[in-house]
Amino acid sequence: MDKPHQLDTFPVLYLIKGILTLAFSLFFLLYAGMGFFVSGFSALENQAMNGSAPPFNPGWIFLIVGSLGFVITIVFGILTLRVRTLIQQRKNHQFIFVVAILQCLTGVLGILLGIFTILELQKPEVKALFDEKTA
18 MDKPHQLDTF PVLYLIKGIL TLAFSLFFLL YAGMGFFVSG FSALENQAMN
68 GSAPPFNPGW IFLIVGSLGF VITIVFGILT LRVRTLIQQR KNHQFIFVVA
118 ILQCLTGVLG ILLGIFTILE LQKPEVKALF DEKTA
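In my numbering, the protein residues as written are 18 to 152.
Everything labelled a hint here was simulated from the structure, so no lab data went into it.
Hints should not be assumed to be uniformly reliable.
As the list claims (entries may be wrong) - What follows is a list of derived Cβ distance ranges for each label pair:
| id | residue 1 | residue 2 | range |
| --- | --- | --- | --- |
| 1 | I128 | H22 | 19 to 25 Å |
| 2 | D148 | F73 | 54 to 60 Å |
| 3 | F133 | Q106 | 16 to 22 Å |
| 4 | G57 | L85 | 16 to 22 Å |
Yeah, the Cβ is synthetic: ideal placement off N, Cα and C, and Gly gets one too.
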């Protein structure tokens with residue numbers, strides 16, 4: 018008799034987490050846009066005041082942090098959605114395991130999802146499901 022597993026629940030959870038991660042990336046896009054405008058206005062203000070460029074423009078910090086955050090959250094969102102399809106297809110056990118570990122870096126929802134995924138993937142009957150697909 019087959020032992021029960023919760024693997025069929027995870028695609029829905031990974032879909033929700035992926036969509037939330039991609040939506041959160043818009044925050045970083047807004048942050049980068051704010052940096053773009055701050056650096057532009059700061060340069061215009063300094064040029065109007067004394068005709069020289071400022072020694073340090075704080076807008077660049079916003080622009081760099083926002084751009085890096087946007088790229089990182091987009092990558093995490095795409096990986097999360099990719100894991101969703103791999104769990105449905107019961108393929109690539111190791112990739113799912115690695116992304117589950119990475120999910121533990123992304124806040125409370127990611128920690129819970131990552132830990133429960135790791136625990137589920139370690140069950141022998143779940144490993145057998147993935148082995149059947151590769152054989």
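Consistency of the hints with the structure:
| no. | hint | verdict |
| --- | --- | --- |
| 1 | I128 to H22: 19 to 25 Å | 21 Å, holds |
| 2 | D148 to F73: 54 to 60 Å | 57 Å, holds |
| 3 | F133 to Q106: 16 to 22 Å | 20 Å, holds |
| 4 | G57 to L85: 16 to 22 Å | 20 Å, holds |
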